[in-house]
Structure formats: structure tokens, C-alpha cells
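Q: Keeping the supplied structure of chain A fixed, place chain B upon it in accordance with the hints.
2 protein chains.
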Amino acid sequence: MSANTGTRGETVPTVPPANPAVDTADVAALLERGRTLSTPVLRAAVDRLAQPMDTVAAYHFGWIDAHGRPADGDGGKAVRPALALLSAEAAGAPPETGVPGAVAVELVHNFSLLHDDLMDGDEQRRHRDTVWKVHGPAQAILVGDALFALANELLLELGTVEAGRATRRLTTATRKLIDGQAQDISYEHRERVTVEECLEMEGNKTGALLACAASIGAVLGGADDRTADALEAYGYHLGLAFQAVDDLLGIWGDPVATGKQTWSDLRQRKKSLPVVAALAAGGPASERLGELLAADAKSPDLDGFSEEEFATRAALIEEAGGREWTSREARRQHAIAVEALDRVDMPARVRAQLAALADFVVVRKR
Amino acid sequence: MSANTGTRGETVPTVPPANPAVDTADVAALLERGRTLSTPVLRAAVDRLAQPMDTVAAYHFGWIDAHGRPADGDGGKAVRPALALLSAEAAGAPPETGVPGAVAVELVHNFSLLHDDLMDGDEQRRHRDTVWKVHGPAQAILVGDALFALANELLLELGTVEAGRATRRLTTATRKLIDGQAQDISYEHRERVTVEECLEMEGNKTGALLACAASIGAVLGGADDRTADALEAYGYHLGLAFQAVDDLLGIWGDPVATGKQTWSDLRQRKKSLPVVAALAAGGPASERLGELLAADAKSPDLDGFSEEEFATRAALIEEAGGREWTSREARRQHAIAVEALDRVDMPARVRAQLAALADFVVVRKR
Chain A
1 MSANTGTRGE TVPTVPPANP AVDTADVAAL LERGRTLSTP VLRAAVDRLA
51 QPMDTVAAYH FGWIDAHGRP ADGDGGKAVR PALALLSAEA AGAPPETGVP
101 GAVAVELVHN FSLLHDDLMD GDEQRRHRDT VWKVHGPAQA ILVGDALFAL
151 ANELLLELGT VEAGRATRRL TTATRKLIDG QAQDISYEHR ERVTVEECLE
201 MEGNKTGALL ACAASIGAVL GGADDRTADA LEAYGYHLGL AFQAVDDLLG
251 IWGDPVATGK QTWSDLRQRK KSLPVVAALA AGGPASERLG ELLAADAKSP
301 DLDGFSEEEF ATRAALIEEA GGREWTSREA RRQHAIAVEA LDRVDMPARV
351 RAQLAALADF VVVRKR
Chain B
1 MSANTGTRGE TVPTVPPANP AVDTADVAAL LERGRTLSTP VLRAAVDRLA
51 QPMDTVAAYH FGWIDAHGRP ADGDGGKAVR PALALLSAEA AGAPPETGVP
101 GAVAVELVHN FSLLHDDLMD GDEQRRHRDT VWKVHGPAQA ILVGDALFAL
151 ANELLLELGT VEAGRATRRL TTATRKLIDG QAQDISYEHR ERVTVEECLE
201 MEGNKTGALL ACAASIGAVL GGADDRTADA LEAYGYHLGL AFQAVDDLLG
251 IWGDPVATGK QTWSDLRQRK KSLPVVAALA AGGPASERLG ELLAADAKSP
301 DLDGFSEEEF ATRAALIEEA GGREWTSREA RRQHAIAVEA LDRVDMPARV
351 RAQLAALADF VVVRKR
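Chains as they are written, first to last, in UniProt numbering: chain A, 1 to 366; chain B, 1 to 366.
The set of hints was computed from the structure by calculation and includes no laboratory data.
Predicted model only: the values in this text are computed from it and were never measured.
Some hints could be false.
Same chains, same label: a pair holds when it works inside one copy or across any pair of copies.
Derived lysine to any residue pairs resembling SDA-like cross-links, with alpha carbons at most 20 Å apart [said to hold, decoys possible]:
1. 133 to 203
2. 270 to 138
3. 133 to 189
4. 270 to 246
5. 270 to 55
6. 270 to 307
7. 365 to 29
8. 365 to 54
9. 270 to 349
10. 298 to 94
11. 270 to 345
12. 77 to 43
13. 365 to 187
14. 133 to 121
15. 133 to 29
16. 133 to 186
This is chain A alone, in the form it adopts within the complex (with noise of 0.2 Å):
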């Protein structure tokens, strides 16, 4: 792997690829099929909506601006529709079988960041405004709420057993995500996080839907619980490992790339995987950083901090090994996501995607 010098941008965990003849040009593609196939359905969806709901979602997904004016926005890697499409193959049915799962998962996805950035008071999301920034929180609550309804619809409205088993599938993995943002917000009110307590709450709120979105397109293509298992462990760990490179970026990461402010979870107090791992290190530079954040816990807000404040203290995280031990982390989660596909009897083809898409999610800039 790359060595980790500690400048912002750098891409921090090299992964070798599982399967050298899948490059980065077959991974842009999928991720482009999934774009192209779930986001008509998508907006179908979101045309559902009553006025000024539907306005809002719109905004949301970068397809309006504020003013309500045509925009190409960003939407988002899109790792989930394409993970969905995916999933419908290995079992055997045409991609386009993984359609309702796929818009449905994001329908999730994005009812949790709409509420999620509410919650935590975040104020950009994908380089734009946040909804309740824009159109005040009440319309951040509603158009969740609208969201995650919708998404059980559309699953619901195909009326068959598998798109029930699916919609089962959905409301754990729902479930889940909100547990993991409710330990977030108390994590964030406590002084110290075992690294285990910071696995377990982002499995819940980055590995359950992942792995939802990588097993709910077989299951609408009819495959028994083993396969749907096993691909959902593929899911779930391909989570973490997302997870972990997310941690990284929230430190480490370019704001240019990733459209959030330097240090944006230093500058939140999250505990995210390279600060409980630094705590927990032992050491002088762990010690350090356990006296700077406990002091930084009693201040209100961190608003006043200036740019070397918080590069002090991803620096210590650094000395203290934490960033090693996430990008560590990322590589063990995804050796074990990639596994996980052996369990299934799929096409050479779709296994050499997914595992393509495994290597994508660690090496990523944003």
C-alpha cells in the first residue's frame, strides 16, 4: 500500500484489485448502468409526492436548485443502485429485476441523510445547502418521513412473495440504520468509544443498507436465504470497509473532493474509527489526545478552533497509529466482503464486478 505522509487528498488505503482485468473503466460503467436504470424509476417515485414535498426531494437529489431551476447536481457515487442490479444477476435474473430494490434502498439512504443532517446540524451535503438549511427543518422531517413510506410502496405495489421477503429484508436493515445513528448521537456525548462500540454502530449505520443493497435484487429474482446470506455478508463488509474509508476522508479528506469542510469530523467530535482506534493505542501521542479531546468536550461548540487546532489533533491521531489501523481496517473488511462471493454459485462475470466494485469503495477519493 501507499505510505500515509498525512496530507489532506492523498488517497489513503491501496487495495490490490481482486480481479486485474476488471479496471476502473468497468466500475465507471457499472456505476453508470445503475444511474441510468434506478433514476427514472426514482423520480417517478418522487413525483408522487404532494406539492411542496415533491419541490423539496427534487432539491435534494441535486436535480433542482434552490430556486427551483433545472440542475444537473450530484447525485451521489450511486454504489448502492449498482450494487442492486448486480445482486439481481448473481441470482440469475436480468439486471433490470434489481430496479425496484435499488430505487427502493436509495429511497432509504436518502430519507437517513435528510434526517441524519437535521440531527447532527450539518449544513453541506454533495457541495450544496442541506434541505433543512434551504427549506427549514420541518420540511427535512416531512420529506423523510415521504421518503422512507415511498420506499416500502414500491416495493410493496409489486405484489409478489419475494418483493415481500425484500421489504422484510429493507425494515431490518432500516432498523439498524437508525439504531446506528442513535448511538452516533450518544457516542458524541461520551468521552471515550471502544473501537468495538464504533464497529458495531457502523455496521449498523453503513453495513446493514449496503448489505441490503447487495442482496435485495436476488431476492426480488427469487434466491433462497443462503444466497441472499451470503451476499448480504459480502454487503455488510463491503460496508465497513466503506465505512472506514469515510472515516479517513472525514479527517484526511480533500474538501474539494468530498464537499465537506477540512476536518469535518474533527470539527463535529465524532468518534470515528482512527480516533477510538488513536485512544485506545496507548502511548504518549495517545495520551496527548486524550487530554486535547476531553478538554474540547467541555468547550460548547468548536467554532472558534482554527485550522492548526484540528491539525494538531489528526496529527496526534496519526502519531498515535490511528489512521494505520483504519486504513488497516478497510483492507481486512474488504478481504472479507470479497470472501463472502465465493459462498455464491454466481457468473464469472458478476463476481469479478462486485469484487471490482469492493476495490472501487476502498480506493476512493470521495
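A: For chain B alone, coordinates are given in the frame of chain A:
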């Protein structure tokens, strides 16, 4: 019907019982049965939530006080659970068949209360501080989300075709509930709302979930769509009657009984039925009311208003006929609801009990 003298706390619309053989003791027993059978299942469901969401939910339901001590709070009238159980019996199933439906509907209802109280800034519910006042906005959002997810989870884990159909109906009702809240919020910012718009909003906000409560037990009991639709129609119009009475209580209700402030809906500038009917009526009182409310709309809030200022507005609403119109509307919707019962072939006892519940809804004082 009794005279409407404009004194708060008086019973407003009196309706001749549809079945004189069913008295209020029977209704109390029906409500009690709904509570007794559904509460243990509801509590077990809430116990699944991660800390601190289980505590926050227990506070919301009145099982503990703000300090976590056991409480015997007022959990609401429990009309919905009573309906869900009778609904199962209307389809020839035992009342117990309706329990998961009763609990799912209660979970959705309370999800909407948690979010609506926050969006509307309501500080009191059922004589206690609302969740966002005690535990903060983030917990109100999060626990609301969790209750919504739990409702679907509870139904879908039954794993039957009937449960899938029930979940689909519940999801549709929830979407309407959210549409109704969106309309309610947007109407507060508009100077004029038509009576038709107000009825549509109330149909979404109150009718849809009562429709679901009145049909979900039957759906779980294997009823065909025709039976379920007729029971939905009963519940929908019962919901409109319920809401018309709520609108009367929101202006002229006794705060001791309702647990809300005096002139509650006027303080919040709600465009409720008595208000929109009075504004649509024409004549000197209607015009004077229109002038006053247009001037009020320019104030940032009405906190500085005296009791007399609200009393003046309430008197104008009554003089313009808004109170009488709303009482008549409650009776009209009650009649349509009871008529819908004739479209279902059900035991005479169950029909009489559903009719008695309808009577109760329109004569209640809280």
C-alpha cells in the same frame, strides 16, 4: 342536538346513537379490550429499540416520566386498537388476529405525533411535555423513525400473504398521513384555504389511518378486498367525523379534558374546519373575521395575544356559522361511516359495536 352556546368545555355535537342497545359502558369495555390486548405487544416491540430510544419511546407512551420513573400515563383514547380488533371480528376471525395490526397502526400514529409535535412546535400532549421538549429534537426525529420502521417489521415478520397485504395498506395510509401533514403546514402560511382543501387534508391526516385501523384486522383475518374496502370507507368517514370534533375541541374544548392550551388551534393559526367554513360563509362576521386573521397573519407569532383576543375570534367564527357547520359535518360523516357497515356481512354484535364506537367518537370531550 344540544344548543351550542359557545361555552368552552360543553359537549358540542350530540348524535342519536345508531344502536340504542349499545351504551357507553360497552364502548369503554371495547376501548379497554383494545388496550389490554395490544399494550403488551406494543411494549415488547418498543423494548426492541436500542438505548436511549426505548426510554424516549416509553416516555412518549406515558409508561415512564421524564426522570425515568414508572408512570401510569394517559396513553390516549385507544380508538384505533379497538377498531383493529373489531375489524378482525368483522371478517369472522378472533379479535387476537387484529393485534399485530392494532400495534402497527398505533406505532405509525405515534411516529406521526412525535414528528408533528416537533414540526408544529407543540410543547404539550396528553397533559405532559412533548418528547422534543424533554429529550430534544434529534430524539423526537429518531424515535419517530424507529416506530415507523417497527410497525412494518412487526407486520412483515408474520411472514404471511395477509401480512404483506396489510403492510401495503398501512404504507399507503402512512403516505397519505404525511401528505396531510404537508398540506396542514402549507395551509398555515396561506391566507385562504377552501373547505374542500381542508377536508382533503383532514382525510389524509386523520381519515387514512383510521381507515387502515378499521380494515387491517379484517385483512389479517383473510378478508377479501371488497370487505376490506367497505371497512376502510367506514374508518375513513369516521376519521373525518373524528377530526371535525377535534377541530371543535381545538377551539372550544376544555383544556382540563383535552390537555391542550385554551384556543389551541387559534394560537397556532390552524386553518381548521370551523375557521375555513366561517371564512367561506360570507356576511359581516365572516368578513370581520377575515380582516382580523389577515392582520394576525402578519405577526411573527400570537404569543402576546390576550384570552379576550382569541375569544373575539372564536365568537366571530361561531357567529359566521363555522361552529354549527362543523358540528353538522361531524354528523354527516358519522352517518356515511355507519352506512358503510351495511356493505359488510358481519355478526350483528360486531356491527353494533362498530356503530357504538362511531357514536363515541362524535360525542367525546377530549
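Q: A separate judgement is required for each hint: does it hold in the structure or not?
A: Hints, one by one, checked against the model:
1. 133 to 203: Close neither inside one copy (29 Å) nor across copies (31 Å); limit 20 Å.
2. 270 to 138: Only across copies: residue 270 and residue 138 sit 16 Å apart there, 25 Å inside one copy, limit 20 Å.
3. 133 to 189: Between. Shortest inter-copy distance 19 Å satisfies the 20 Å Cα cut-off; intra-copy 24 Å does not.
4. 270 to 246: Classified as within: same-chain Cα gap 12 Å, cross-chain 44 Å, threshold 20 Å.
5. 270 to 55: Intra 32 Å, inter 24 Å, cutoff 20 Å: neither.
6. 270 to 307: within (17 Å within a copy, 48 Å between copies)
7. 365 to 29: within (18 Å within a copy, 63 Å between copies)
8. 365 to 54: neither (31 Å within a copy, 38 Å between copies)
9. 270 to 349: neither (39 Å within a copy, 59 Å between copies)
10. 298 to 94: neither (55 Å within a copy, 58 Å between copies)
11. 270 to 345: The answer is neither: 40 Å in one copy and 59 Å across copies each exceed 20 Å.
12. 77 to 43: within (17 Å within a copy, 40 Å between copies)
13. 365 to 187: neither (26 Å within a copy, 44 Å between copies)
14. 133 to 121: both (9 Å within a copy, 18 Å between copies)
15. 133 to 29: For residue 133 and residue 29, neither the intra-copy (34 Å) nor the inter-copy (49 Å) Cα distance is at most 20 Å.
16. 133 to 186: The answer is between: 18 Å across copies meets 20 Å, while 23 Å in one copy does not.
When the structure is compared with the earlier hints, violations turn up for hints 1, 5, 8, 9, 10, 11, 13, 15 and for no others.
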